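Enquirer: Chains A and B, in that order, are what the protein sequence lines are.
Going by our numbering, the letters in the first sequence line up with residues 1 to 153, in that order.
Going by our numbering, the letters in the second sequence line up with residues 154 to 905, in that order.
FYI, nobody ran anything at the bench for these hints, they're computed from the structure.
Treat each hint with caution, since some may be false.
Stated by the list, open to error - Okay, the calculated beta carbon distance ranges per label pair:
(1) Lys447/B x Pro17/A: 53 to 63 Å
(2) Asp14/A x Gln467/B: 18 to 28 Å
(3) Arg395/B x Glu3/A: 55 to 65 Å
(4) Trp382/B x Lys116/A: 37 to 47 Å
(5) Gln837/B x Val141/A: 33 to 43 Å
(6) Lys112/A x Asp734/B: 52 to 62 Å
(7) Gln837/B x Asp64/A: 25 to 35 Å
(8) Pro663/B x Glu3/A: 34 to 44 Å
What the hints assert, rightly or not - On the chain B side, residues computed to face chain A include the following (Cβ under 10 Å):
(9) Thr367
(10) Pro531
(11) Met568
(12) Gln572
Unchecked claim - Computed list of lysine to aspartate or glutamate pairs in DMTMM-like fashion (alpha-carbon distance at most 25 Å, straight line):
(13) Lys124/A x Asp727/B
(14) Lys444/B x Glu28/A
(15) Lys403/B x Glu74/A
(16) Lys403/B x Asp119/A
(17) Lys124/A x Glu401/B
(18) Lys10/A x Glu856/B
(19) Lys375/B x Asp481/B
(20) Lys409/B x Asp119/A
(21) Lys900/B x Asp792/B
(22) Lys10/A x Glu401/B
(23) Lys332/B x Glu344/B
(24) Lys447/B x Glu401/B
(25) Lys762/B x Asp120/A
(26) Lys124/A x Asp364/B
(27) Lys124/A x Asp734/B
(28) Lys332/B x Glu284/B
(29) Lys409/B x Asp14/A
(30) Lys793/B x Asp119/A
Please read all numbers here as calculations on a predicted model, not as lab measurements.
Backbone N, C-alpha and C fix where the C-beta goes; we use that ideal spot for every residue, glycine too.
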Amino acid sequence: MIELIVNGLKRQVDVVPDMPLLWVLRDELDITSAKYGCGIAQCGACTVEVAGAAVRSCQVRVADVAGKRITTIEGISEDALHPVQQAWIEHQVPQCGYCQIGQMMQAVSLLKAIPKPTDDDINKVMSGNLCRCGTYERIRVAIHAAADKMGGQ
Amino acid sequence: MGQMSDLSRREILFGSAAMAGGVAFGSYAWAQPAPPVAADINPLAKELARNAVTFNPWVEITPEKIILIAQHADKGQGVGSIQPLMIAEELDLERDQFEVRFAGPSPAYFNTGFAHELAPFMAPDQSPAAEKARAAALQWLRKAGLQMTGGSSTIPDTYDKMRMAGAIARETLKATAAKRTGIAASKLRTEAGNVILPDGTKIPYVALSADAATVKPVTNVKLRDPSQWRFIGKPMERLDIRSKVTGEMKFGIDRKMEGMVYAAVKLNPNKGQPIRSYDASKALAMPGVQKVLKISNGIAVIATNSWYAMQAAQSVDCMWAPSIYPADQADHWKIVGSSFTPEFLAKQWRNDGDVDAALKDGTLLEAEYRAPYVAHQPLEPLSGLGLVTDKGMEIWVGHQSPQSVQHIAAKAIGMKDEQVTFHNEWMGGSFGHRLEFENVRVLAEVANQMRGTPVKLVFSREEDFQQDISRQIAMGRYRGSVKDGKIIAADAQVCATAPFKELQARMDMPTKDPDAQLAVGIWNVYYDIPNYRAASFEPQGLAPSTTWRSVGASANGFFTESFIDELIHAAKLDPLQARIDMCKIPIYRKLLETVGKMADWKGSLGNGKGRGVAFVECFGTAVAEIVEVTMTDAGIKVDKVWVAADVGKVVDPINFENQVQGGVVWGLGHAMNCELTYAGGGVQQTNYHHHEAMRMYQCPVIEVRGLENDYTVRGIGEPPVPPAAPALANAIFAATGKRIREMPFNKFIDFV
């Protein structure tokens with residue numbers, strides 16, 4: 001048994017230690033907001049936070065995150081929607097939406113590191129997240145809007 | 154098949170010249186008896202709950218809730234929002250007062266939106282002959298009952314139909330309330346899910362459902378004047394946005410079922426070919442693995458978790474039957490290049506004036522263009538959930554063609570089409586990928602060997618790439634001549650695998666007609682060139698291809714608009730002004746003028762900057778784009794794109810902008826960075842690092858304007874794609890003097 005802390009809750013899973021966190025979340029814990037896109041850290045759809053940092057959960061061995069704080073989109077905000085989520089709604093970013101959870105998780109992480117990012121900052125940090133529908137421009141706009149909401153803090 | 158003989162006569166009328174979103178319904182061979190007139194069937198009536206009522210195939214009201222049917226499939230383009238909202242517009246529902254369900258397979262949901270494409274007349278043609286042909290095509294579609302999402306037909310199909318469905322429901326509810334209260338229906342009104350009596354008393358629709366079932370639907374209704382619209386044409390929040398932002402949205406890949414097992418596959422990379430033998434001993438010893446099953450073109454691993462299944466599938470040693478198309482890419486191009494011959498001529502689509510004579514007059518230009526195979530690869534991989542019992546199969550899968558899912562699954566397991574119950578899912582993209590059946594057939598085969606146990610199948614990204622039935626491979630050979638500052642002749646010859654014809658064959662609806670998709674972008678060219686010829690050739694024996702966002706026009710638009718640019722340059726004219734001057738259709742001229750104003754076009758820019766323009770009509774929607782680039786030390790930087798598109802009516806303005814921006818990103822990204830190449834019978838690109846398309850750092854600012862001058866409502870999912878590549882190539886030429894005639898462009902120039 002491996003013990004995980006997901007969104008503040010203790011969970012136990014009985015899987016091989018090498019299993020990527022992504023598949024533990026999706027198939028064992030039924031947290032399907034983390035998406036499988038490529039399996040090799042090329043698309044970012046599986047992005048979650050481990051101990052406050054954005055990671056590609058398809059590349060993280062479950063044994064390596066035992067006891068660490070794992071946060072998925074469901075856990076990024078205490079009560080209401082996170083400002084990033086609010087901005088995503090206001091600017092109607094998603095089309096199919098499959099990549100967007102990963103995009104938002106990456107954006108949350110970006111805004112922690114750079115509260116007031118430039119377009120260049122956004123392009124650099126967000127280019128690891130693929131969007132096949134092509135919503136990149138809306139993502140840029142939404143990240144700026146979220147930064148404003150958060151007061152550049 | 155009772156009506157087939159009847160239909161085949163019309164096929165002669167439409168089939169050969171059909172310009173259908175590929176839908177040349179030529180030799181239609183549906184595997185079920187021809188349905189009765191679609192409008193008379195209501196699939197919702199079959200499984201109606203107690204005291205519930207359905208007025209038509211799009212509205213169901215029970216004592217508890219209101220259900221609106223999204224007729225088309227939602228692959229991200231917004232069907233699941235705008236279609237129910239168009240019903241709600243007339244039914245006087247607020248956006249939180251109904252549930253949305255996707256349509257099951259039924260001829261009642263036949264796609265009227267294909268009528269324009271079926272009739273062999275160009276989009277702007279409103280002549281009586283054109284309108285008569287479209288009306289006849291509509292009748293044909295009504296009888297055929299074909300339900301399919303594609304060809305940017307979502308809005309054209311449902312713009313009137315959904316509103317009418319809502320209006321009929323509303324008036325019937327009023328009639329029901331009138332019967333109950335004795336007050337004349339004309340004195341009743343409706344608002345927010347209630348019928349409202351003259352004294353202000355509200356009767357909720359749900360409270361009328363049982364009675365309404367006994368009232369004959371009121372069909373003599375008038376649609377509201379647009380001035381009364383609450384939703385349509387106004388900025389609105391898509392119904393699916395919130396669940397897609399909170400993570401609650403369940404896509405097909407997210408569906409689970411009690412007692413299900415997980416399946417992963419390893420399939421023959423030589424597309425369409427069987428497996429010869431395999432050794433699964435290693436896989437069977439791996440954690441979580443329950444079984445290894447043989448299926449027609451590979452193996453499937455059954456496990457307790459998708460990852461266990463994928464890992465084990467990789468470790469199975471398989472012996473594959475070899476490919477029946479050339480093993481290596483160079484030979485694919487060789488076949489394409491050598492098939493511009495009478496033997497492979499599919500059709501000469503236009504022959505105006507005397508092209509041969511005009512080519513000898515003036516300055517001759519010749520150019521060859523190429524568009525490679527490319528993959529669809531929506532971010533949600535192919536997947537599905539299936540359960541086979543002795544009675545039939547139930548399948549949950551996101552798909553654009555519900556009736557075909559039934560047919561393909563049934564055929565794979567020796568059942569009848571009607572034994573397959575299909576449930577559509579929200580899709581994480583498609584771009585044409587989910588018009589094909591690799592996952593459907595495989596899932597049916599696997600679930601059939603696991604009778605009684607639900608099976609969830611997920612393709613690994615690598616399998617998905619390898620089994621992706623790609624965009625057509627295409628080559629264009631163009632000749633033209635200019636004289637006295639004018640283009641006097643152009644001869645467009647395109648040789649390409651036939652995407653829609655091949656799809657039809659896989660749907661068991663084979664046709665011998667030329668693939669009308671290969672005419673799009675060479676036939677519907679609106680420039681005043683006195684001597685103009687266009688022909689398509691269909692080479693044989695190549696890798697399979699299918700519809701890829703914008704289909705024929707994705708290659709042909711690039712070829713034609715690049716060559717027109719070359720001719721304009723040779724004639725020493727301005728690329729935008731020359732197009733405006735040559736354009737024969739007033740509303741299209743307006744479009745070019747509009748995009749020019751948006752970009753403040755003033756001719757060449759200098760300082761390493763360049764602008765290119767392109768204009769293509771596909772699926773009836775004309776789109777003009779201008780791309781601006783800068784040549785930097787690190788390569789070409791795409792700075793900005795301006796787009797003007799005329800759809801007659803912009804129904805959902807925010808989503809419209811999003812779709813256009815996405816189409817431009819799709820068109821640019823693949824033109825810059827993507828190709829699929831064959832080696833040893835399989836494709837060499839097996840994940841996104843080999844086939845990146847566009848990432849954010851390359852994405853320009855994209856400014857969009859929707860025009861409403863067209864005489865009918867048009868779609869926007871695909872039409873922004875074709876002009877993007879030629880506008881970029883033309884911009885690169887303007888900035889650098891270098892003509893790029895082959896995609897992907899990054900083989901010839903670096904991008905920042």
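Enquirer: Would you mind marking each hint as holding or not holding in the structure?
Expert: Verification of the hints:
no., hint, result
1, Lys447/B x Pro17/A: 53 to 63 Å, "violated (31 Å)"
2, Asp14/A x Gln467/B: 18 to 28 Å, "holds (23 Å)"
3, Arg395/B x Glu3/A: 55 to 65 Å, "violated (33 Å)"
4, Trp382/B x Lys116/A: 37 to 47 Å, "holds (40 Å)"
5, Gln837/B x Val141/A: 33 to 43 Å, "holds (37 Å)"
6, Lys112/A x Asp734/B: 52 to 62 Å, "holds (55 Å)"
7, Gln837/B x Asp64/A: 25 to 35 Å, "holds (33 Å)"
8, Pro663/B x Glu3/A: 34 to 44 Å, "violated (58 Å)"
9, Thr367, "violated (42 Å)"
10, Pro531, "holds (5 Å)"
11, Met568, "violated (29 Å)"
12, Gln572, "violated (30 Å)"
13, Lys124/A x Asp727/B, "violated (37 Å)"
14, Lys444/B x Glu28/A, "holds (20 Å)"
15, Lys403/B x Glu74/A, "holds (14 Å)"
16, Lys403/B x Asp119/A, "violated (32 Å)"
17, Lys124/A x Glu401/B, "violated (28 Å)"
18, Lys10/A x Glu856/B, "violated (48 Å)"
19, Lys375/B x Asp481/B, "violated (60 Å)"
20, Lys409/B x Asp119/A, "violated (40 Å)"
21, Lys900/B x Asp792/B, "holds (20 Å)"
22, Lys10/A x Glu401/B, "holds (21 Å)"
23, Lys332/B x Glu344/B, "holds (19 Å)"
24, Lys447/B x Glu401/B, "violated (36 Å)"
25, Lys762/B x Asp120/A, "holds (20 Å)"
26, Lys124/A x Asp364/B, "violated (61 Å)"
27, Lys124/A x Asp734/B, "violated (43 Å)"
28, Lys332/B x Glu284/B, "violated (42 Å)"
29, Lys409/B x Asp14/A, "holds (19 Å)"
30, Lys793/B x Asp119/A, "holds (14 Å)"
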